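Next come the chains, spelled out residue by residue.
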Amino acid sequence: MTDKRSIAVKVNGQTYEREVDTRMTLVDFLRHELDLTGTHVGCEHGVCGACTVLVNGESVRSCLMLAVQANEQSIQTVEGLAVNGELNILQQCFQDHHSLQCGFCTSGMLMTLTEFLRDHPNPTQQEVQEVLSGNLCRCTGYLPIMSAAMDAAQKMREAQS
Amino acid sequence: MNNKWVGASIKRKEDPAFLKGKVQYIDDIHMLGMLHAAFTRSPHAHAKILSIDKSKALAVPGVKAVFLYADLPDVVRHQTLPLLVPHPSIITTKLPFALVNQEACYVGEPIACVIAESRYIAEDAAQLVEIDYEVLDVANDCLDALESSDHCAHLDMTSNIAAKFQINVGDTDAAFKNAPNVISERFFQHRGGPFFMECRGAIASYDESADAYTLHVSSQGSHRIKRCMLELFDLSDDQLRVVAPDVGGGFGPKGSYYPEYANVAVAAKVLGRPIKWIEDRRENFLTTHQERDQYWDVELAVSKDAKILGLRGRLVHDNGAYVPWGIVVPWISATTVPGPYVIENFKLDVFSMYTNKIQVTSVRGAGRPQAVFAMERLMDRVAQTLGLDAGEVRRRNFIQPEQMPYNVGIIFRDGRPVTYDSGDYPACQAAALSKADYEGFKIRQEKAREAGRYLGIGMANAVEATGLGPYEGATVKISTTGKITVYTGAVPQGQSHKTTLAQVAADALNADPKDIQVITGDTALIGLGIGTFAARTAVTAGSSVHMAATDVANKLKAYGAVMLSCTIDQVDIHNGHVVLKSDPQQTKSFREIAVRSVGMPGFSMANGLVPGLETTSYFTPDRSTYSNGTHVVEVEVDIHTGGVDIVRYTVAHDCGKLINPMVVDGQIVGGIAHGIGNALLEQMVFDDQAQPVSTNFGEYLLPLSTNMPKVDMVHLETPSPLNPLGVKGAGEGGTIPAIAAIISAVENALSPFDVRISHTPISPQDIVELLGEHALGETAL
Numbered sequence: 001m002t003d004k005r006s007i008a009v010k011v012n013g014q015t016y017e018r019e020v021d022t023r024m025t026l027v028d029f030l031r032h033e034l035d036l037t038g039t040h041v042g043c044e045h046g047v048c049g050a051c052t053v054l055v056n057g058e059s060v061r062s063c064l065m066l067a068v069q070a071n072e073q074s075i076q077t078v079e080g081l082a083v084n085g086e087l088n089i090l091q092q093c094f095q096d097h098h099s100l101q102c103g104f105c106t107s108g109m110l111m112t113l114t115e116f117l118r119d120h121p122n123p124t125q126q127e128v129q130e131v132l133s134g135n136l137c138r139c140t141g142y143l144p145i146m147s148a149a150m151d152a153a154q155k156m157r158e159a160q161s
Numbered sequence: 162m163n164n165k166w167v168g169a170s171i172k173r174k175e176d177p178a179f180l181k182g183k184v185q186y187i188d189d190i191h192m193l194g195m196l197h198a199a200f201t202r203s204p205h206a207h208a209k210i211l212s213i214d215k216s217k218a219l220a221v222p223g224v225k226a227v228f229l230y231a232d233l234p235d236v237v238r239h240q241t242l243p244l245l246v247p248h249p250s251i252i253t254t255k256l257p258f259a260l261v262n263q264e265a266c267y268v269g270e271p272i273a274c275v276i277a278e279s280r281y282i283a284e285d286a287a288q289l290v291e292i293d294y295e296v297l298d299v300a301n302d303c304l305d306a307l308e309s310s311d312h313c314a315h316l317d318m319t320s321n322i323a324a325k326f327q328i329n330v331g332d333t334d335a336a337f338k339n340a341p342n343v344i345s346e347r348f349f350q351h352r353g354g355p356f357f358m359e360c361r362g363a364i365a366s367y368d369e370s371a372d373a374y375t376l377h378v379s380s381q382g383s384h385r386i387k388r389c390m391l392e393l394f395d396l397s398d399d400q401l402r403v404v405a406p407d408v409g410g411g412f413g414p415k416g417s418y419y420p421e422y423a424n425v426a427v428a429a430k431v432l433g434r435p436i437k438w439i440e441d442r443r444e445n446f447l448t449t450h451q452e453r454d455q456y457w458d459v460e461l462a463v464s465k466d467a468k469i470l471g472l473r474g475r476l477v478h479d480n481g482a483y484v485p486w487g488i489v490v491p492w493i494s495a496t497t498v499p500g501p502y503v504i505e506n507f508k509l510d511v512f513s514m515y516t517n518k519i520q521v522t523s524v525r526g527a528g529r530p531q532a533v534f535a536m537e538r539l540m541d542r543v544a545q546t547l548g549l550d551a552g553e554v555r556r557r558n559f560i561q562p563e564q565m566p567y568n569v570g571i572i573f574r575d576g577r578p579v580t581y582d583s584g585d586y587p588a589c590q591a592a593a594l595s596k597a598d599y600e601g602f603k604i605r606q607e608k609a610r611e612a613g614r615y616l617g618i619g620m621a622n623a624v625e626a627t628g629l630g631p632y633e634g635a636t637v638k639i640s641t642t643g644k645i646t647v648y649t650g651a652v653p654q655g656q657s658h659k660t661t662l663a664q665v666a667a668d669a670l671n672a673d674p675k676d677i678q679v680i681t682g683d684t685a686l687i688g689l690g691i692g693t694f695a696a697r698t699a700v701t702a703g704s705s706v707h708m709a710a711t712d713v714a715n716k717l718k719a720y721g722a723v724m725l726s727c728t729i730d731q732v733d734i735h736n737g738h739v740v741l742k743s744d745p746q747q748t749k750s751f752r753e754i755a756v757r758s759v760g761m762p763g764f765s766m767a768n769g770l771v772p773g774l775e776t777t778s779y780f781t782p783d784r785s786t787y788s789n790g791t792h793v794v795e796v797e798v799d800i801h802t803g804g805v806d807i808v809r810y811t812v813a814h815d816c817g818k819l820i821n822p823m824v825v826d827g828q829i830v831g832g833i834a835h836g837i838g839n840a841l842l843e844q845m846v847f848d849d850q851a852q853p854v855s856t857n858f859g860e861y862l863l864p865l866s867t868n869m870p871k872v873d874m875v876h877l878e879t880p881s882p883l884n885p886l887g888v889k890g891a892g893e894g895g896t897i898p899a900i901a902a903i904i905s906a907v908e909n910a911l912s913p914f915d916v917r918i919s920h921t922p923i924s925p926q927d928i929v930e931l932l933g934e935h936a937l938g939e940t941a942l
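Chains as they are written, first to last, in the numbering used here: chain C, 1 to 161; chain W, 162 to 942.
Careful, some of the hints might be misleading.
[Unchecked claim] List of simulated lysine-lysine pairs, BS3-like, C-alpha gap at most 27 Å:
#	chain 1	residue 1	chain 2	residue 2
1	W	Lys174	C	Lys155
2	C	Lys10	W	Lys172
3	C	Lys155	W	Lys225
4	C	Lys4	W	Lys225
5	W	Lys217	C	Lys4
6	C	Lys155	W	Lys172
7	C	Lys155	W	Lys217
[Claimed, not checked] Computed footprint of chain W on chain C, listed as stretches where at least three residues anywhere in the stretch have a Cβ under 8 Å from a Cβ of chain W:
#	segment
8	29-36
9	40-53
10	67-79
11	98-108
12	142-150
[Stated by the list, open to error] If the Cβ cut is set under 10 Å, some of the chain W residues that face chain C in the computed set are:
#	residue
13	Ala178
14	Val184
15	Ala226
16	Ser279
17	Phe357
18	Ile833
These aren't lab readings, by the way, just hints derived from the structure by calculation.
Everything numeric in this text was worked out from a predicted model, so none of it was measured.
Just so you know, even glycine gets a beta-carbon here, dropped at the ideal spot from N, CA and C.
Just chain C, same shape as in the assembly (with noise of 0.2 Å):
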């Protein structure tokens, strides 16, 4: 139960090295030993998607993932989007379309964005609502997270050239 292993973790491009649990959820390492706590907890069986990073690049559910299994690898949270402390295109378009009221799903909602307007930077609006189908939300309806999500699409292409 308290088994204990060396983990060494770079997150938002700083090495963390710690002594974890075993039993550790990854989610409960970015939060109370890192004290990253833009991450969220809001289901602890992976279906609400408030915990999602991107872990190397692919989005995860970080309470269904341990901290040891972390080790070694690359992992991006909420704290890691904004650039020199200001918005990024996707964190601004959230704000233009009111597209959080409470705010606890918005960290996972941007994760799971962040990951799929990298790979999708032309969706359609299907795409769209069909990926944000994994990250529930009770405040807003989804629709604003939507607009939000098309309209950051259309300002990263013209970023872009």
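Knowing the structure of chain C, use the given hints to seat chain W on it.
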């Protein structure tokens, strides 16, 4: 005061911190030396505790204490959690203790509180508390609980009736006597729980030198939590501070006081360390208040020309194992029935029933969606029976705008007569029908049917009491930096108070909202408060901010005039300065005035000026103000699978003056999503022993992005005469008519098969069953 900011869709001030992950929810707070709580809970819906052995739990390394009922301090042991809203109709008052004494009355009721070094260890040990039970019979379904007293929810009761009351207006029986048409139906309605994304949580700490507690709690109302706790612990006002940090959704049930909050406070004092408890999602399904079942047996008498002559019936409401909010939910249900229609004769007998399930308290809509469903289903039945258009039937019965203010003849839960203050219901429905192209629907429906597809349209109207009293206060203060701060007891859980209240203050002070900070939910910063629920903050806190900021503006002018050696009517406020109107070069900044207003040691405050640029106001609304809305829904039903696709959703809504239209739109769309869940998806399922069997998001379905249609919205703005801003509440109007409108549309789509829908939620399986051989016949093709 000007009108520059109120009415503008400005972006939310609070967003950047949320978007960077830099805000602080309850579980983000860490305190030095903090320990963690977990609870051992009853696995039975009704059971007597025979014995408890906590030795194995205490033996786990890292466990610091295990509290049982017997270990609680006398003051907490000797009284139950408080009754928030007493009412004379309550026959038997049952409220829980902080931990179960002898009899557990719902699955999940806390029996032992385990404190350990980590949450992991506390949860391990909570499973090791050994409890012997005698399992008891359960009161499960609320209608069965009324019809038979064989199984009572509490051992010492002989009836499950918690409360009964009657609403009685006019002479209903006489109205029915000669009525040409009487429509009768039973409606069963189930709503699930709030299912906010952030589960509940609390951290208690205790300062021995001051003999005082601090409770951080994810709540909708820190002052109300404080009131409950002062009573339960018999503390004076200075012995407890309650702070609500950022709150990840509330939807009603986060406004309640829960036993866990008492337990962490007890443990914090005994152990001398801060104690954190964070609810997990399974606990959330078991123990956070829900809004479940109602049975409506109702009859409507109508004339040959579809005018309502009278409405009568019986409402049976499931209040769960205890009644912390008294009869608030069934009372709101009963008083919402008449809605926008003239109903001169109305009689409803209401029974609120104990069952062995978690308590029912308000969830977004708070009993109103059920009342609207009952009323609007009956209106559809009138249309079907008399062969009239559904919109026309409603039109013939509307209260007309010239009848405002309109006294419905019944008493609302605020203790005042239900008196609609303003609104134009016929115009609202007309706007919605026009926007939805209601006229063109028949052609769309026929075309679809030719292609073997089934489209349906439905509508529902609702009138909603909002802005409930008694008050919500605000302190507006200009600090010596010249910056403006607003303090209020309201607690946002997504409603954007930090932006909207800044907009209100900005207009009164001729300032920019970006220079105004709004601080919420800390009992140390404003003396009195109630909290954010019942679509009340814009009305109550908004009006208080307006009053306090206006008063501070007058103080600024008074100081400014003295400092500019002129009279108060010779100055104006502009851009953070008091300006001499005749010579705008002559100014005094808010900063200069604020410094002057705090005085200098030993110098007198000349000219009778009141020290400080600070005012606290409490707007106390005389009665509720009434929002209204019409929802029109178009659906396509797949008769093979029972799947429902909402293809078009239209809302016309009147919540008075809009402070921030973008925020109101957000509230409405979010509310609609909740209504879609209640109509088609969300169901708390219990087995025959009242054991919940839908306890995760795989079994209990919340609406997803793929369930959401595009929403078209029309705002009507009839200002409320009852408050200085002319605002009405907007937080629940998206949910309230949604369920009725969606079910109406589904039924309309299935009209070729003569399907009648009398319950909600309706699942694909239900639809296939209602279609019977029609569904099977089609599938066989």
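Now the hints, each set against the structure:
1. Straight-line distance between C-alpha atoms of Lys174 (chain W) and Lys155 (chain C) comes to about 22 Å, which keeps the hinted pair within the 27 Å bound.
2. With a C-alpha separation of about 34 Å, the suggested pair Lys10 (chain C) and Lys172 (chain W) falls outside the 27 Å cut-off, and the hint is violated.
3. Our distance criterion of 27 Å between C-alpha atoms is broken by Lys155 (chain C) and Lys225 (chain W), whose separation comes to about 54 Å.
4. A hinted pair counts as satisfied when its Cα atoms are at most 27 Å apart, and Lys4 (chain C) with Lys225 (chain W) qualifies at roughly 22 Å.
5. For the proposed pair Lys217 (chain W) and Lys4 (chain C), the alpha carbon gap of about 24 Å is at most 27 Å, so the pair holds.
6. Of the pairs offered as hints, the one joining Lys155 (chain C) and Lys172 (chain W) holds, with about 19 Å between alpha carbons and a cut-off of 27 Å not exceeded.
7. Only pairs whose Cα atoms come within 27 Å are accepted, and Lys155 (chain C) paired with Lys217 (chain W) is rejected, the gap being roughly 60 Å.
8. Counting residues of the segment 29-36 of chain C whose C-beta lies closer than 8 Å to any C-beta of chain W gives 4; at least three are required, and the coverage claim holds.
9. With 9 residues having a beta carbon nearer than 8 Å to a beta carbon of chain W, the segment 40-53 of chain C meets the requirement of three or more and the stated coverage holds.
10. Look at the segment 67-79 of chain C against chain W: 3 of its residues bring a Cβ nearer than 8 Å to a Cβ of that chain, three or more, so the hint holds.
11. Using a Cβ-Cβ cut-off of 8 Å, 9 residues of the segment 98-108 of chain C lie near chain W, which meets the minimum of three, so the contact claim holds.
12. Only residues whose C-beta sits within less than 8 Å of a C-beta in chain W count toward coverage, and the segment 142-150 of chain C has 5 of them, enough to reach three; the restraint holds.
13. Hint on Ala178 (chain W) holds. Least Cβ distance to chain C is approximately 9 Å, under the 10 Å limit.
14. Checking Val184 (chain W) against chain C: minimum C-beta separation of about 6 Å stays under 10 Å; hint holds.
15. The closest approach between the C-beta of Ala226 (chain W) and any C-beta of chain C is roughly 20 Å, which is over the 10 Å cut-off, so the hint fails.
16. A least Cβ separation of about 8 Å between Ser279 (chain W) and chain C falls short of the 10 Å threshold, and the interface hint therefore holds.
17. Given the 10 Å rule on beta carbons, the hint for Phe357 (chain W) holds: about 6 Å separates it from the nearest Cβ of chain C.
18. Using the Cβ-Cβ criterion of 10 Å, the hint placing Ile833 (chain W) at the interface with chain C is satisfied: the shortest such distance is roughly 6 Å.
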